[in-house]
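Peer 1: Keeping the supplied structure of chain A fixed, place chain B upon it in accordance with the hints.
Protein chains in written order, with my numbering: chain A, 2 to 308; chain B, 2 to 308.
Think of the hints as simulated: they come from the structure by calculation, not from any bench. Just so it is clear, the structure is predicted and the values come from calculations on it, not from any experiment. Any given hint could be a false lead.
Same chains, same names: a pair is fine if it fits in one copy or spans any two.
What the hints assert, rightly or not - In the SDA-like style, the derived pairs of lysine to any residue whose C-alpha atoms are separated by at most 20 Å in a straight line are: (1) Lys6 / Ala73; (2) Lys289 / Thr157; (3) Lys57 / Ser127; (4) Lys7 / Trp261; (5) Lys189 / Lys248; (6) Lys6 / Ile132; (7) Lys56 / Ser91; (8) Lys112 / Lys155; (9) Lys57 / Arg86; (10) Lys26 / Met201; (11) Lys74 / Ala298; (12) Lys56 / Pro303; (13) Lys150 / Phe116; (14) Lys74 / Met8; (15) Lys74 / Ser4; (16) Lys150 / Ile132.
Given next are the chains, with one letter for each unit.
Number of protein chains: 2
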Amino acid sequence: MFSEKKMAILTIRAELLNAARCWFKKNGYFEVHGPTLIPAVDNWPGYFEVRYFDKKAYLSQGLQPYAAVFVAKFRKIYTVAPTFRAEMGSTKRHLTEYWRIEVAQRCDLDKLMEFEEALVEHICQSLSKQIPETLKCFQRSAENFAKVKTPFPKLTYDEAVDSLQNDGFNVNWGQKLTWEMEKHLSLKLTGPFFITKFPMSTETFFNKSDPERPELTLSADLLAPEGYGEIGSSIQRITDRNVMSQKMDEENVDPEHQRWYMNFMSNKSRPHSGFAIGLERLIQWTCKLTHIEEATAFPRTPSNVYP
Amino acid sequence: MFSEKKMAILTIRAELLNAARCWFKKNGYFEVHGPTLIPAVDNWPGYFEVRYFDKKAYLSQGLQPYAAVFVAKFRKIYTVAPTFRAEMGSTKRHLTEYWRIEVAQRCDLDKLMEFEEALVEHICQSLSKQIPETLKCFQRSAENFAKVKTPFPKLTYDEAVDSLQNDGFNVNWGQKLTWEMEKHLSLKLTGPFFITKFPMSTETFFNKSDPERPELTLSADLLAPEGYGEIGSSIQRITDRNVMSQKMDEENVDPEHQRWYMNFMSNKSRPHSGFAIGLERLIQWTCKLTHIEEATAFPRTPSNVYP
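Okay, chain A solo, but in the shape it has when bound (with noise of 0.2 Å):
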């Protein structure tokens, strides 16, 4: 059933965990699980919806709210988690059940990203060490992997707006980047890269703001180079209960719905940040996919979830 293409883009799959979980372990991250199956308070779009005994519940999208709390007690946290998004999109990116590879800690995100890129530094040097012959088979160069190195270049969103308006794309600044944006900016790179500082108007509502300019976000998307853009995101979040009230307030989100949340953050949270990175796009460009669904096994599409 499974061609050889497949059979090595899952070798890959498999030692690239192996070498994410060797990381955490060496640098002291703690493993945690959090729910799959969320309360469905609101009316949120992209869930998929769940019918629970006489109830209905929500398919998880990421491990906040829940990573919050875990961070609390444990100081460096991550997870390996499916994650599901019910939302139409192109097969060449998106899956509606994909691998989520999580982390927070008590850290801001400067501090945040030298720990992401150090991550995709190390999965890169495993697995141009450990599996040589297997990235031979997507015309990939152990050598060449074997370069990818810290510190990742970093772009702030103001620099990728001027840089592709100068490129001739029609886009305002407090847009969010399109895929082939992304796209553009990407193939001028060799390597992992970094955009950060994304405008409120472009991210949810509970990251934190730039001290410096409020109207920035305290973010970051990674970035694959050679046109497969983003494999993930960064952020630093929120963690004063009165600023966290004062923003639901301008989401109109209802307060009562998040108040285990709310009774949580007054006395017990503690500054820190979090990113995830997108098993399936981490493998997409590894193997120079054209298609998502190839990264997976038994892929999940809005149009197949069969076999």
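Peer 2: Frame of chain A, contents of chain B only:
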């Protein structure tokens, strides 16, 4: 938010998985991921239903039948993944969302049980070596846990029924053993043990039958001692397409709904067996927990999907 006890439980949880993965690595098992979202073709009881765009899907209850496809190519595979059961049950023993350590490999059941018990032995040895102080939080001495050694005692289903009848239980051959019966049997032992060769009447249709006594299946449950009962189950799979077709007939399973798998079986399936261990069940025994909810950070039970 987490008590000292919960911190100790989560520490054991993380170390237990670390020990399992070390054992898998040392023994050449290949890590795979099956889908969580599976097609909802027949009307299966006990499955959570997901609204999948304009279709419906179910949440997975394990790696079958995907395990068979992986095993055909990779020989010895494992996965660690969340699993879902839409069943009302005692919060002492049942979660609606739990994590499974699942293995499949090309061998018969007797050989598989050797690997299963070796894994559990390795986990117990690792816990006693790596986190003896954490074990003490649960009145477990590292010395006693280090005494968990293979081979584990094996009791046939026939012997289990005889023993229960002798002890005054009202049980007939062919009945499923209840939780009270399991508990009674497991109170007699000080270490994990197997109950083997359950009758066809208590098992699912894809279990291979015993060539010597076709009314029995090649199956084995792994039980924890001290009254904790079942923590894992293992079976040898049917790999003959004609036998499977006949079984599906008997069980009124629509073969059309399993066509991809039947096509796959016709020429590619290799003899194989598999086992699954419930992570929270294993933790429940390790930490002497009354309620299985305690074995995870954010438990999901029939009445609770919050926070």
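Peer 1: Next, verify each hint and record whether it holds.
Peer 2: Quick rundown of the hints versus the structure:
In this homomeric assembly, Lys6 and Ala73 come within 20 Å of each other (Cα to Cα) only across copies, at 15 Å, whereas the closest approach inside a single copy is 43 Å. Within a single copy, Lys289 and Thr157 get their C-alpha atoms no closer than 26 Å, and across copies no closer than 52 Å, so neither meets the 20 Å cut-off. In this assembly of identical chains, the alpha carbons of Lys57 and Ser127 never lie at most 20 Å apart, being 43 Å within a copy and 40 Å across copies at closest. In the homo-oligomer, the alpha carbons of Lys7 and Trp261 lie at most 20 Å apart only across protomers (18 Å), although the nearest pairing inside one protomer, at 44 Å, exceeds that limit.
In this assembly of identical chains, Lys189 and Lys248 lie within 20 Å of each other by CA distance neither inside one copy nor across copies; the values are 37 Å within and 58 Å between. Taking the shortest alpha-carbon separations for Lys6 and Ile132, only the intra-copy value of 14 Å comes in at or below 20 Å, while the best inter-copy value is 42 Å. With identical chains, the CA atoms of Lys56 and Ser91 are at most 20 Å apart between copies only, with a shortest distance of 19 Å across copies and 32 Å within one. Taking the shortest Cα distances, Lys112 and Lys155 sit within 20 Å of each other inside one copy (14 Å), while across copies they are farther apart (53 Å).
In this assembly of identical chains, the alpha carbons of Lys57 and Arg86 lie at most 20 Å apart whether taken from the same copy (17 Å) or from different copies (15 Å). Taking identical chains as interchangeable, the C-alpha atoms of Lys26 and Met201 are never at most 20 Å apart, the minima being 34 Å within one chain and 44 Å between chains. In this homomeric assembly, Lys74 and Ala298 come within 20 Å of each other (Cα to Cα) only across copies, at 12 Å, whereas the closest approach inside a single copy is 36 Å. Proximity of Lys56 to Pro303 under the C-alpha cut-off of 20 Å is restricted to the inter-copy arrangement: shortest distance 10 Å between copies versus 24 Å within a copy.
Taking identical chains as interchangeable, the C-alpha atoms of Lys150 and Phe116 lie at most 20 Å apart only when both belong to the same chain, with a minimum of 13 Å there against 40 Å between chains. Taking CA atoms no more than 20 Å apart as the test, Lys74 paired with Met8 passes between copies only; the shortest distance there is 8 Å, against 40 Å inside one copy. Taking the shortest Cα distances, Lys74 and Ser4 sit within 20 Å of each other only across copies (10 Å), while inside one copy they are farther apart (45 Å). In this assembly of identical chains, Lys150 and Ile132 lie within 20 Å of each other by CA distance solely inside one copy; the values are 18 Å within and 35 Å between copies.
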